[in-house]
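S.K.: Heads up: the sequence lines are chains S and D, in that order. Here the first sequence stands for residues 1 to 470, numbered as in our numbering. Here the second sequence stands for residues 471 to 692, numbered as in our numbering.
Rather than coming from a laboratory, the hints here were simulated on the basis of the structure. These figures come from a predicted structure and were not determined experimentally. Honestly, I wouldn't trust all of these hints.
Calculated Cβ distances over 12 Å to all of chain S for the following chain D residues [stated by the list, open to error]:
(1) R636
(2) E671
(3) E688
Derived list of chain S stretches under chain D, where covered just means 3 residues or more per stretch with a C-beta under 8 Å from a C-beta of chain D [stated by the list, open to error]:
(4) 249-257
(5) 310-322
(6) 331-338
Cβ atoms here follow ideal geometry from the backbone N, Cα and C, with glycine treated the same way.
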Amino acid sequence: MSEGGRPPSIRRRLLLFLIGSLVLMLSGAALVTYLVAENAANNAYDRSLLDPVLDIADNVKVDAAGAHLDLPKKALDTLVFDQVDKVIFQIRSPQDTIIDGDVGMPAAPPSAAGETIFFDGTYGNEKIRVAALRTPGGFVIQVGETLHKRNRLVGEILFAELASTLVIGLGAIALAWLAVARGLMPLEDLRSELLSRAPRDLRPLTGTSAPIEIAPVISAFNGLLEHLRDANQMQQRFLANAAHQLRTPLAGLQMHLELLLRRDLPNDVRAESERMHGATVRASRLANQLLALAKAESSPDESRALEIVDLRAIAESAARDWSREAVRRRIDLGFSLERALILGDPLLLPELVDNLIDNALRYTPAGGTITVKTGCSAGIPYLSVEDTGPGIPVAERGRVFERFYRIAGTPGEGSGLGLAIVQEVVERHTGTVVIDAHDEVSGTRISVSFPPSDGTRADAARFTVPAAQY
Amino acid sequence: MRILVVEDDALLADGLIKVLTRAGHAVDHAATGRSADQLLVSEAFDLLVLDIGLPDIDGFEVLRRLRARRSATSVLVLTARDAVEDRVRGLDLGAEDYLTKPFSVTEFEARVRALLRRMVPPEARWSIAGLKVDIDAKRVKVNDKPVELTRREWTLLELFLTRPGRVLSKEQIAERLTGFDEQLSPNAIEVHVSRLRTKLEPAGLHIRTVRGFGYLWEGADE
Numbered sequence: 001m002s003e004g005g006r007p008p009s010i011r012r013r014l015l016l017f018l019i020g021s022l023v024l025m026l027s028g029a030a031l032v033t034y035l036v037a038e039n040a041a042n043n044a045y046d047r048s049l050l051d052p053v054l055d056i057a058d059n060v061k062v063d064a065a066g067a068h069l070d071l072p073k074k075a076l077d078t079l080v081f082d083q084v085d086k087v088i089f090q091i092r093s094p095q096d097t098i099i100d101g102d103v104g105m106p107a108a109p110p111s112a113a114g115e116t117i118f119f120d121g122t123y124g125n126e127k128i129r130v131a132a133l134r135t136p137g138g139f140v141i142q143v144g145e146t147l148h149k150r151n152r153l154v155g156e157i158l159f160a161e162l163a164s165t166l167v168i169g170l171g172a173i174a175l176a177w178l179a180v181a182r183g184l185m186p187l188e189d190l191r192s193e194l195l196s197r198a199p200r201d202l203r204p205l206t207g208t209s210a211p212i213e214i215a216p217v218i219s220a221f222n223g224l225l226e227h228l229r230d231a232n233q234m235q236q237r238f239l240a241n242a243a244h245q246l247r248t249p250l251a252g253l254q255m256h257l258e259l260l261l262r263r264d265l266p267n268d269v270r271a272e273s274e275r276m277h278g279a280t281v282r283a284s285r286l287a288n289q290l291l292a293l294a295k296a297e298s299s300p301d302e303s304r305a306l307e308i309v310d311l312r313a314i315a316e317s318a319a320r321d322w323s324r325e326a327v328r329r330r331i332d333l334g335f336s337l338e339r340a341l342i343l344g345d346p347l348l349l350p351e352l353v354d355n356l357i358d359n360a361l362r363y364t365p366a367g368g369t370i371t372v373k374t375g376c377s378a379g380i381p382y383l384s385v386e387d388t389g390p391g392i393p394v395a396e397r398g399r400v401f402e403r404f405y406r407i408a409g410t411p412g413e414g415s416g417l418g419l420a421i422v423q424e425v426v427e428r429h430t431g432t433v434v435i436d437a438h439d440e441v442s443g444t445r446i447s448v449s450f451p452p453s454d455g456t457r458a459d460a461a462r463f464t465v466p467a468a469q470y
Numbered sequence: 471m472r473i474l475v476v477e478d479d480a481l482l483a484d485g486l487i488k489v490l491t492r493a494g495h496a497v498d499h500a501a502t503g504r505s506a507d508q509l510l511v512s513e514a515f516d517l518l519v520l521d522i523g524l525p526d527i528d529g530f531e532v533l534r535r536l537r538a539r540r541s542a543t544s545v546l547v548l549t550a551r552d553a554v555e556d557r558v559r560g561l562d563l564g565a566e567d568y569l570t571k572p573f574s575v576t577e578f579e580a581r582v583r584a585l586l587r588r589m590v591p592p593e594a595r596w597s598i599a600g601l602k603v604d605i606d607a608k609r610v611k612v613n614d615k616p617v618e619l620t621r622r623e624w625t626l627l628e629l630f631l632t633r634p635g636r637v638l639s640k641e642q643i644a645e646r647l648t649g650f651d652e653q654l655s656p657n658a659i660e661v662h663v664s665r666l667r668t669k670l671e672p673a674g675l676h677i678r679t680v681r682g683f684g685y686l687w688e689g690a691d692e
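Take these sequences, add in the hints, and give me the full structure.
M.R.: The following block contains the structure:
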């Protein structure tokens, strides 16, 4: 984007160019029309201007009194009369003296004897058109008229011409607009395909129907996506391997610390060992969470096919895994489970439930209550975990999904990764996660809802992507 | 009991061997998949504690060969890899239980105990905290005093003692008890559990309700 200005737009450029050239061409056409109309008007009216010239020439007499116009006043008035324009005449002698007529008329340009000419001039402050004839006797007879009816004719022709030009012009602009819009449609399609993508979807763009002008862009973009995919996979493999490699030594460390703690130890040694044990357990948990995150993050094209999964079964499995820990922490962990079928990854969903329960257990004080619910609400499958802990302030609710984010001043030893994992898994299932309060004032309820599954394999097949070798 | 620990990490293997030896078992150790496989061919073990990530052939392969030989040895799989995937694969191949690294000593001991108890011949006697169980005679003693159990309570007790993790869903219990009653309502299950609970409390054993799900056994060893 250029600084301060609007970004360049293909549509605007094309339209400016097309409309600009159209306006220029139509203006040219209008000018030509004007000249042609003026010429046509002159042709039509010059002829009628010539008639009185010839009549007057016939009646110029030369006798003893000299040259004079021998025509009764009434006849002359008829000759030089017009309903619209003022008509004037003038007769000049061969010596260029005005014999009769209007003295204000301009002199005719020189011409040969017997020749008729037409010229434009001014009379007073009006433009006039003049027809002039130099008789064989050397007299110059000219009749002129103002331009009103000529102008009116030019105006009429011009109006008719311009009206149709305007219609054609507007039509052309509209067509140009449509053509540009149609021409840019593949770009629009590309845009909506990109917009509708899941954030981590690095599969290549299809663009099979893309015109050859856009195809290179798509193929370059796909090249970039492939690089990203490779980099992404490498990072995930690294993270997964690192987490694996960490687990075994941590297991050994934890085991020996626990064996040590079973012995009779001096108080200070016991305290130190307990702290080391706590740190080891935390490090293990972190390794597990990093692994879960790497797994949830892996882009869809390398994951297994989604299956019809009952959230209830996932929650039941969590009930087995977490009940003992809840009893140990003196927290009432309960379940309210109804069938909730979704299209899901059966290996990722337990991570989601585990982290939600783990999170609730961590932040709920002893004596509190946690309830895990699954079911369908208005046809939408959901899973929620609510607790009677301190709750998450409204201002923090957006941020708690960030990695390593922990609410300032909260006790406990959370890594800040649990809800980030939840978020990833939800995204992978194009679900939504909402945090609100357990009741009006306190506690936390985190609800995850998923796109409903009609429970058929056909539906599943639509979302199936090639499974990688595990 | 005779136990084979297959684990290539020296520190962890050492810990596992210590724990099992202290519990009174005869423990052998193999650090590679091949040596484990050879040991399993030539000798009989009651329990195999099997790591999946081994330097040569992996734990899954050791397990596959073991089951191909129709060995009855119980197998507890240890995995550092993704828990759910390995759990599914391990259990498919015939492992009895699995543990994801790292795990607590208590957890490990509980799993081993549960596995060994499952293989104990029926005439064996069990003893947990203040509870003594004589399977053969179907007799139970709490703090050395005989306690009468109904058939359903007896089945419930067996169920708790043989399930790894010892968390039972109401469905699981209903499935096992349906043989006695045509219809068994959740309330009826509650009644049976509650009676067993009352009888076991003095022994220091607690059956806790997991709201909306089922029950959890809390004993001295958990």
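S.K.: For each hint, tell me whether it holds in the structure or not.
M.R.: To see whether the hints hold, each was checked on the structure:
1. R636: 8 Å, violated
2. E671: 15 Å, holds
3. E688: 6 Å, violated
4. 249-257: holds (count 8)
5. 310-322: holds (count 4)
6. 331-338: holds (count 6)
Hint violations for this structure: numbers 1, 3, all remaining hints satisfied.
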